[in-house]
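K.L.:
Let the sequences and hints guide you as you build the complete structure.
According to UniProt numbering, the residues represented by the sequence shown are 1 to 841, in order.
Hints are computed from structural coordinates only; laboratory data are not their basis.
A quick note: this is a predicted structure, and the numbers were derived from the prediction, not measured.
Mixed in with the good hints there might be a few duds.
No more than 25 Å apart at the CA atoms, straight line, and that leaves these computed lysine-lysine pairs for DSS-like [to be verified]: (1) LYS757 / LYS791; (2) LYS431 / LYS699; (3) LYS400 / LYS61; (4) LYS229 / LYS217.
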Amino acid sequence: MIPWETLNPEQREAVEAWNEALLVMAPVGTGKTNVLALRAAHAVEQGVAPSSILCLSFTNKAAREVKDRLARHLGRRGGEVTAKTFHGLCAQILRVEAPAVGWDRDFLIYDEEDCRSILGEVARRANIKPPDEERDSFEFLLFDAAARARLSEFDDAVPRTPQQVFDACLRDSRASFLQYRGGLMFKPLLAEYVHALRECHAVDFADLIAGVNRLFKENPEVLERWQAKFSWIQVDEIQDTNRGEYRPLSLLAARHRRLSLFGDIDQTIYQWRGSVPLEILAEYKSAFAPVHEMRFTRNYRSTRRILEACERLIRACPGALTKSIVPQQAEEGEPLRVYEADDTRDEARWIRDQVETLVEQQGVKLGEIAVLTRSNFTSRELSRNFTALGLPHLQVDQFKFFQRAEIKETLAHLRLLLNPHDANSLMRFLKTPPKGIGEATIEALAGAPRQAGLKPADLLTPSTFETGDPFRPLMEAARAGRVVVFDIETTGLSIGDDEIVEIAAARCDGSSVLAQFHAYLKPSRPVGDSEPIHHLSDEFLAREGRDPAHVLREFEAFCEGCVLAGHNVALFDVPMVRSVCARLGLPAWEARQVFDTLDITRRFHRLPRYKLGEICSRLGLKSIPTHRADADVAATVELLQVLLPQLEAGAMARVGAVKQYGARFKPLADRLEQWRTFMLTERPFELLERILHESGLIKHYERDPADAPRREHLDELLTLFQRFDDPSMQPMDALIHVLSVASLGKEIDGQAIDEDKVLLLTVHQAKGLEFDTVFIAGAADGEFPNRRSVKEGLEDEEHRLFYVAVSRAKRRLYFSFPVIGGWGRQQMPSRYLRMVMPGRA
Numbered sequence: 001m002i003p004w005e006t007l008n009p010e011q012r013e014a015v016e017a018w019n020e021a022l023l024v025m026a027p028v029g030t031g032k033t034n035v036l037a038l039r040a041a042h043a044v045e046q047g048v049a050p051s052s053i054l055c056l057s058f059t060n061k062a063a064r065e066v067k068d069r070l071a072r073h074l075g076r077r078g079g080e081v082t083a084k085t086f087h088g089l090c091a092q093i094l095r096v097e098a099p100a101v102g103w104d105r106d107f108l109i110y111d112e113e114d115c116r117s118i119l120g121e122v123a124r125r126a127n128i129k130p131p132d133e134e135r136d137s138f139e140f141l142l143f144d145a146a147a148r149a150r151l152s153e154f155d156d157a158v159p160r161t162p163q164q165v166f167d168a169c170l171r172d173s174r175a176s177f178l179q180y181r182g183g184l185m186f187k188p189l190l191a192e193y194v195h196a197l198r199e200c201h202a203v204d205f206a207d208l209i210a211g212v213n214r215l216f217k218e219n220p221e222v223l224e225r226w227q228a229k230f231s232w233i234q235v236d237e238i239q240d241t242n243r244g245e246y247r248p249l250s251l252l253a254a255r256h257r258r259l260s261l262f263g264d265i266d267q268t269i270y271q272w273r274g275s276v277p278l279e280i281l282a283e284y285k286s287a288f289a290p291v292h293e294m295r296f297t298r299n300y301r302s303t304r305r306i307l308e309a310c311e312r313l314i315r316a317c318p319g320a321l322t323k324s325i326v327p328q329q330a331e332e333g334e335p336l337r338v339y340e341a342d343d344t345r346d347e348a349r350w351i352r353d354q355v356e357t358l359v360e361q362q363g364v365k366l367g368e369i370a371v372l373t374r375s376n377f378t379s380r381e382l383s384r385n386f387t388a389l390g391l392p393h394l395q396v397d398q399f400k401f402f403q404r405a406e407i408k409e410t411l412a413h414l415r416l417l418l419n420p421h422d423a424n425s426l427m428r429f430l431k432t433p434p435k436g437i438g439e440a441t442i443e444a445l446a447g448a449p450r451q452a453g454l455k456p457a458d459l460l461t462p463s464t465f466e467t468g469d470p471f472r473p474l475m476e477a478a479r480a481g482r483v484v485v486f487d488i489e490t491t492g493l494s495i496g497d498d499e500i501v502e503i504a505a506a507r508c509d510g511s512s513v514l515a516q517f518h519a520y521l522k523p524s525r526p527v528g529d530s531e532p533i534h535h536l537s538d539e540f541l542a543r544e545g546r547d548p549a550h551v552l553r554e555f556e557a558f559c560e561g562c563v564l565a566g567h568n569v570a571l572f573d574v575p576m577v578r579s580v581c582a583r584l585g586l587p588a589w590e591a592r593q594v595f596d597t598l599d600i601t602r603r604f605h606r607l608p609r610y611k612l613g614e615i616c617s618r619l620g621l622k623s624i625p626t627h628r629a630d631a632d633v634a635a636t637v638e639l640l641q642v643l644l645p646q647l648e649a650g651a652m653a654r655v656g657a658v659k660q661y662g663a664r665f666k667p668l669a670d671r672l673e674q675w676r677t678f679m680l681t682e683r684p685f686e687l688l689e690r691i692l693h694e695s696g697l698i699k700h701y702e703r704d705p706a707d708a709p710r711r712e713h714l715d716e717l718l719t720l721f722q723r724f725d726d727p728s729m730q731p732m733d734a735l736i737h738v739l740s741v742a743s744l745g746k747e748i749d750g751q752a753i754d755e756d757k758v759l760l761l762t763v764h765q766a767k768g769l770e771f772d773t774v775f776i777a778g779a780a781d782g783e784f785p786n787r788r789s790v791k792e793g794l795e796d797e798e799h800r801l802f803y804v805a806v807s808r809a810k811r812r813l814y815f816s817f818p819v820i821g822g823w824g825r826q827q828m829p830s831r832y833l834r835m836v837m838p839g840r841a
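P.N.:
Below, the structure is given as structure tokens:
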């Protein structure tokens, strides 16, 4: 039931408008999150299927909050609603549609550090070597250009070439990099980077956005499927959305026209990253007319004095929409305070003294206090001074929990279980704790053995050591006519829960098909959202489908004595068949080696994309895959027959490399295989705990007392794994989900805020958060507004940024600035202070 009595008239109007295209401008503290959840709950009460509802938030934390509130109002039905971030939605769509984009279903999402590492290596191989002191900056330049170049087609009003994007990034960077202008061909370097990502079965954040845009643009039938799935959509924080993010959302909603947007234009602080809210809203109001527009004005968060400051500040901003903020708290609140410090150390001392007074005299907890800055530079300077002054604090820029070395090293062990091709995780796995295999060995394997089709991942597979060549069983089976190429269609992507509805297979040798197998299976559940993919309806399967147990026994007999092959099958199709057999009480499906033509093709052919259809076209094959199991099998058979001679040609080099290096890898391969067995039965946090002890990671971080904080972080990771675990998922699916959350989380998403430390963060990092007490440090012209942003014509955005900073405070708000800044420069108080506190000169 909707608690109507708790809603004010504005909120009630928004909830009641559940069946309209709704645009809500909701300033801070106006109860927007509650309305988002109640509006979705009301739509369910009015007959909208929970599974057809999509709620998008800016952070994982906000998405979880919406999900939790839906569960309170709808019970179990609330769990059927999709509540994610935009990147999380992209990842979901692209995993389902992986064959259509030529990606692996098991793709990992690399964070900025992983991507910069790959880009640095690609640049090094291209003989591009900036000075050591500039390497980090140059890798960031490459990372930024690589993202912008792939998104230009969808973000820019006039798309630019990769070289144009790179040259523009160069102009905006430090002068010393200008030596590369005109001499660095960026397009081939970008192609090498993308290929390196795909070899690792990985994507980056730009891939997620560009991938969904391209998927919908090139595959109308795929777009129609997702339009049918999500018939009711609402999006939060629309002011931070760019064209590349808005376009797929508008396409999803174009059919049912139920797209609602929530946000606050006056909190637009990401124009420098491409957000263009006014353009997007104009397009939205035109495409989805008539749009019901409204504003929330009643603030439940802050004291009257803080809200008066917010109102004065935003009303002075050119183009601001907020004209009044109506306080709902009776508390007048403490006066706002400003401190003019002699220098940065004096500023830090004053903040320390105020914090100690609040704690000792008013019982305020340190964890309820935040110090906000304009830049990471100012945060780092304050952090050094706070440390010297003994103020317990946590600097978010340094925290970045999932980017800590010990966390990435631990997660690498788990990622390798899901994806043995992940080169970054492989290097971390080998390095910590030390496994006796160094970079020199990996470099050697990247030479002749790699050209022969051998990857380090092969040496982490136990079967390689049984045969001496990872592809020997495939080559021998092909000579004997004992290769079975197969493909399946299913009711979904959950290996533990979904069912098989079609199996197609062909037994072949190196040149011809010797026998075929095909059957439809009758599932115990509706095919649901999977029907538009395989075009097999419930009615058709009820009529033509056979008993799954009988079909699987026949398929087992058809495969007897053969090795298996397929396109993109190793980490989905095979586990799915084994899972279904186990659920039906059939004998365990015989352990066979499985060879994936997607993986083999990547080893020998450098192609722009690896969709089965594009591979067939590029290699001049006759078969045309059609997303039906039998047609895809025919195409895969022909592809395999092209690849086999290339495998034969490299056999001797692979055998030699396995003999030379295998003894060091085999114990590691056996251990990883053992963990993979537990991955199928243990919850993610249980598996993590096992690996922490059995891998030696715990002992590694207990040897040196100085590593005690790192050891504590591993305990925090276990806690987060328990928090992110979804008990409704099978263990392996849940592990994939938890690792995706870790990859997609914003810096502050995964943190359990320490109640015994003051939080030190930039205003951008504080977006979406609120604190009992806020100190805005460095409140001087040159910082607020930032000098460079003013020169670039972004002063209005700097004004809004200060508004966001002020509006984070609930009960107390302090400002400070040093008269002498960090560079010894004389500073004046921020022009925005005069707006916030008119009586100040």
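K.L.:
Quick one, are LYS400 and LYS61 close enough, alpha carbons at most 25 Å?
P.N.:
Cα-Cα ~15 Å, so holds.
K.L.:
Would the hint linking LYS229 and LYS217 be met if the CA-CA limit is 25 Å?
P.N.:
18 Å, holds
K.L.:
Between LYS757 and LYS791, does the CA-CA distance stay at or below 25 Å?
P.N.:
Violated, at roughly 36 Å.
K.L.:
Tell me if the straight-line CA distance from LYS431 to LYS699 falls inside 25 Å.
P.N.:
15 Å, holds
The structure is inconsistent with hint 1 alone, although it conforms to all the rest.
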